[in-house]
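Asks: Here is how the chains run, residue by residue.
Number of protein chains: 2
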Amino acid sequence: MIRAKIRLFVEQPLGQGQGIALSQAHAHYLANVLRKGTGTQVALFNSRDGEWLAEITEIGRRGALAICLGQAAPQRMPPDLWLVFAPIKKARTDFIVEKATELGAARILPVQTEFTNSERIRQDRLQAHAIEAAEQCGGTYVPEVAALKPLTRVLQDWPEGRALIWADESLADAGKPPALPPAPAAILIGPEGGFSPTERAKLRATSGVHSMSLGPRILRADTAAVAALTLWQAQQGDWP
Amino acid sequence: MIRAKIRLFVEQPLGQGQGIALSQAHAHYLANVLRKGTGTQVALFNSRDGEWLAEITEIGRRGALAICLGQAAPQRMPPDLWLVFAPIKKARTDFIVEKATELGAARILPVQTEFTNSERIRQDRLQAHAIEAAEQCGGTYVPEVAALKPLTRVLQDWPEGRALIWADESLADAGKPPALPPAPAAILIGPEGGFSPTERAKLRATSGVHSMSLGPRILRADTAAVAALTLWQAQQGDWP
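If you read the protein sequences in the order shown, they are chains A and B. If you use full-length UniProt numbering, the first sequence closes out at 240, no skipped numbers anywhere. If you use full-length UniProt numbering, the second sequence closes out at 240, no skipped numbers anywhere.
Keep in mind that the hints were calculated from the coordinates and are not lab data. Don't take each hint at face value.
Note that identical chains are pooled: a pair holds if it fits in a single copy or bridges any two copies.
Said to hold, decoys possible - Calculated lysine to any residue pairs in the SDA-like style (CA-CA distance at most 20 Å, straight line):
| # | residue 1 | residue 2 |
| --- | --- | --- |
| 1 | 36 | 132 |
| 2 | 5 | 196 |
| 3 | 149 | 47 |
| 4 | 5 | 65 |
| 5 | 5 | 193 |
| 6 | 36 | 57 |
| 7 | 89 | 33 |
| 8 | 89 | 49 |
| 9 | 89 | 23 |
| 10 | 90 | 53 |
| 11 | 5 | 182 |
| 12 | 5 | 218 |
| 13 | 149 | 14 |
| 14 | 89 | 180 |
| 15 | 90 | 15 |
| 16 | 89 | 184 |
| 17 | 90 | 194 |
| 18 | 89 | 146 |
| 19 | 89 | 28 |
| 20 | 149 | 74 |
| 21 | 5 | 67 |
| 22 | 36 | 148 |
| 23 | 5 | 115 |
| 24 | 5 | 216 |
Note that this is a predicted model, so its numbers are computed, not measured.
Same shape as in the complex, but just chain A (with noise of 0.2 Å):
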């Protein structure tokens, strides 16, 4: 089965001669942004049945219908990696989330933190984000972006038997790091002014949690995500 190049996420059940309604915004982008039509073929997939090759059979203003016309690709799940982090500006929040999209995040869950400087987010924005990096970077699965929580809940009801991993800028010279822990797990990335000392400690009696050290200079909170996803996917996940 080929692979068409335009990728849209949806979120009906994929299935063989199913049909497909499209939302406005996708009908927008391919009638109007991609100048397509009816008889294009896209890459459909909604983070469960894989990717299916769907031909447009119908495009309009307030939408578009589609047909599957056969699976093209298995559904892929990522490991169970959870990034848990303060969000920070708006356009390197944007990118925590595209990136670790791209990395392979299964779930990204936002946390206010002591320092943190924003006191809410916009789940949305965030989700469409995650979604658009999922239909670029080829994956048939989406991660949700969690409502944003305070870090003391999240470590309160912190999951049994889930590796909690916290980058830990203090072991910045801190000779080689443990190997880190298998799935499930979760990093954990600080606010640009990192965790608060009574944060730091209530992190070090949570059960299951293990520090990362991200070598000798101070990473910005975006570098740092991004850095940890990828050690933690070379040695635990799915690289290969």
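Please arrange chain B on chain A, whose structure you already have, making use of the hints.
Replies: Chain B only, in chain A's frame:
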């Protein structure tokens, strides 16, 4: 010796009792952005003499003067790793330079490829980004951002003995990648459209070329740069 929080890169030699003329831009930043005056302590570095604690002795519209009080940290050179990359959209190119500096690249070489969009770069602006990133990340070294050159010319003049590590998209699912070569080395990141068949053939024919896999998803060029630098630093660089 205490380390000051305000870090400034200067060109001049640093040494005990040395007077340093700061630029108009630094004077503006100190006086108008940070609202600091004479007596303020700053950290100065120049990529050669380590980090020096200095005190502002004069400040005006046209510049400022500082005097070196003592060395606060030794010079720390990054490993001999270059980043060779094809510039992409402006924000993502800026981002690559910032991240490469934070991640300890020793030199940054923008190259034109067949599928590169950019015909030119603002070398001075990219160099300024590298300086800002070094000031921010606590390093004492600013990598040089070289002038834009065609990839073919860079490959023709490739220095003997320097490994060229190519993040090859076609290796996405190709089993465990081999260990990365040690310094002197360079990482090569292609443009969004990948390398042309001719370029791929030239790369394969260049001596000292290694390829590396960056997992099963197709990474954007900026993500690939950060991921590749991270993997090399963790395997062969200064982490730790």
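Asks: Please go over all the hints and tell whether each is borne out by the structure.
Replies: Each hint tested on the structure:
Only within a single protomer do residue 36 and residue 132 lie at most 20 Å apart by alpha-carbon distance; the minimum there is 19 Å, versus 44 Å between protomers. Proximity of residue 5 and residue 196 under a CA criterion of 20 Å is satisfied inter-copy only: 18 Å between copies versus 46 Å inside one chain copy. For a Cα distance limit of 20 Å, the shortest separation of residue 149 from residue 47 qualifies neither inside one copy, at 25 Å, nor across copies, at 42 Å. Only within a single protomer do residue 5 and residue 65 lie at most 20 Å apart by alpha-carbon distance; the minimum there is 18 Å, versus 58 Å between protomers.
For the homomeric pair residue 5 and residue 193, the shortest alpha-carbon distance between copies (13 Å) is at most 20 Å, but the shortest distance inside one copy (41 Å) is not. In this homomeric assembly, residue 36 and residue 57 come within 20 Å of each other (Cα to Cα) only inside a single copy, at 12 Å, whereas the closest approach across copies is 65 Å. In this assembly of identical chains, residue 89 and residue 33 lie within 20 Å of each other by CA distance solely across copies; the values are 19 Å between and 29 Å within a copy. In this homomeric assembly, residue 89 and residue 49 never come within 20 Å of each other (Cα to Cα): the closest approach is 35 Å inside a single copy and 33 Å across copies.
When the C-alpha separation of residue 89 and residue 23 is checked against a cutoff of 20 Å, the pair qualifies neither within a copy, at 30 Å, nor between copies, at 28 Å. In this homomeric assembly, residue 90 and residue 53 never come within 20 Å of each other (Cα to Cα): the closest approach is 35 Å inside a single copy and 34 Å across copies. For a Cα distance limit of 20 Å, the shortest separation of residue 5 from residue 182 qualifies neither inside one copy, at 34 Å, nor across copies, at 37 Å. For the identical chains of this complex, residue 5 and residue 218 are inter-copy neighbours only, at 13 Å across copies versus 39 Å inside a copy, given an alpha-carbon limit of 20 Å.
Taking identical chains as interchangeable, the C-alpha atoms of residue 149 and residue 14 are never at most 20 Å apart, the minima being 33 Å within one chain and 47 Å between chains. In this homomeric assembly, residue 89 and residue 180 never come within 20 Å of each other (Cα to Cα): the closest approach is 29 Å inside a single copy and 34 Å across copies. With identical chains, the CA atoms of residue 90 and residue 15 are never at most 20 Å apart, being 38 Å at best within one copy and 41 Å at best between copies. For the identical chains of this complex, residue 89 and residue 184 are neighbours neither inside a copy (29 Å) nor across copies (36 Å), given an alpha-carbon limit of 20 Å.
In this assembly of identical chains, residue 90 and residue 194 lie within 20 Å of each other by CA distance solely inside one copy; the values are 18 Å within and 29 Å between copies. In the homo-oligomer, the alpha carbons of residue 89 and residue 146 lie at most 20 Å apart inside one protomer (18 Å), although the nearest pairing across protomers, at 30 Å, exceeds that limit. Proximity of residue 89 to residue 28 under the C-alpha cut-off of 20 Å is found in neither arrangement, the shortest distances being 30 Å within a copy and 24 Å between copies. Proximity of residue 149 to residue 74 under the C-alpha cut-off of 20 Å is found in neither arrangement, the shortest distances being 34 Å within a copy and 41 Å between copies.
Within a single copy, residue 5 and residue 67 get their C-alpha atoms as close as 16 Å, which meets the 20 Å cut-off; across copies the closest is 60 Å, which misses it. In the homo-oligomer, the alpha carbons of residue 36 and residue 148 never lie at most 20 Å apart, since the shortest distance is 38 Å inside one protomer and 36 Å across protomers. In this homomeric assembly, residue 5 and residue 115 come within 20 Å of each other (Cα to Cα) only across copies, at 17 Å, whereas the closest approach inside a single copy is 42 Å. With identical chains, the CA atoms of residue 5 and residue 216 are at most 20 Å apart between copies only, with a shortest distance of 17 Å across copies and 41 Å within one.
The structure fails hints 3, 8, 9, 10, 11, 13, 14, 15, 16, 19, 20 and 22 (numbered hints given earlier, in ascending order).
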